[in-house]
Amino acid sequence: MGWKGVKPTSFSFDVEKQADEYVKKITMDTVQSLVVSSPVDTGAYRASHIVSIGSGDYGVRGPETNAVQDAAIQAVKFKLGNMVYIQNNQPYAERLENGWSDQAQQGIYNTTFTYISQKYGG
Numbered sequence: 021m022g023w024k025g026v027k028p029t030s031f032s033f034d035v036e037k038q039a040d041e042y043v044k045k046i047t048m049d050t051v052q053s054l055v056v057s058s059p060v061d062t063g064a065y066r067a068s069h070i071v072s073i074g075s076g077d078y079g080v081r082g083p084e085t086n087a088v089q090d091a092a093i094q095a096v097k098f099k100l101g102n103m104v105y106i107q108n109n110q111p112y113a114e115r116l117e118n119g120w121s122d123q124a125q126q127g128i129y130n131t132t133f134t135y136i137s138q139k140y141g142g
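For the sequence shown, the numbering used here begins at 21 and goes up steadily by one.
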């Protein structure tokens, strides 16, 4: 078996690139699931799923924010070794996660975590 003109060091760069893309894909799938699973009243909670790279973002977003679009902007910044944070800082987010809404009695992050873990084998 030969490398046929490909340097062995190129392999590590290919693996790193594929890993970066995989994490970005998981991040986007996670945010999409969170948005779809979110109960809606004013839309503020659904819009406030925040992705940040390297450190948490403790801001709150208004209902006009597109959480998926904002997540995509952040996801492209990801490099292997960075930490991805996905959070919702609305003051009532914890109550929603604990079944406060009839629209999401099992929570939002909990059900999304289960879905993503099953999809990606975590």
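Be a bit skeptical, because a hint or two may be false.
The calculated lysine-lysine pairs, modelled on BS3-like cross-linking and capped at a C-alpha distance of 27 Å, are [claimed, not checked]:
1. K44 / K99
2. K97 / K24
3. K139 / K99
4. K24 / K139
Please keep in mind that the hints were generated in silico from the structure rather than gathered at the bench.
Outcome of the hint check:
{"no.": "1", "hint": "K44 / K99", "in the structure": "9 Å, holds"}
{"no.": "2", "hint": "K97 / K24", "in the structure": "33 Å, violated"}
{"no.": "3", "hint": "K139 / K99", "in the structure": "22 Å, holds"}
{"no.": "4", "hint": "K24 / K139", "in the structure": "35 Å, violated"}
The structure is inconsistent with the numbered hints 2 and 4, although it conforms to all the rest.
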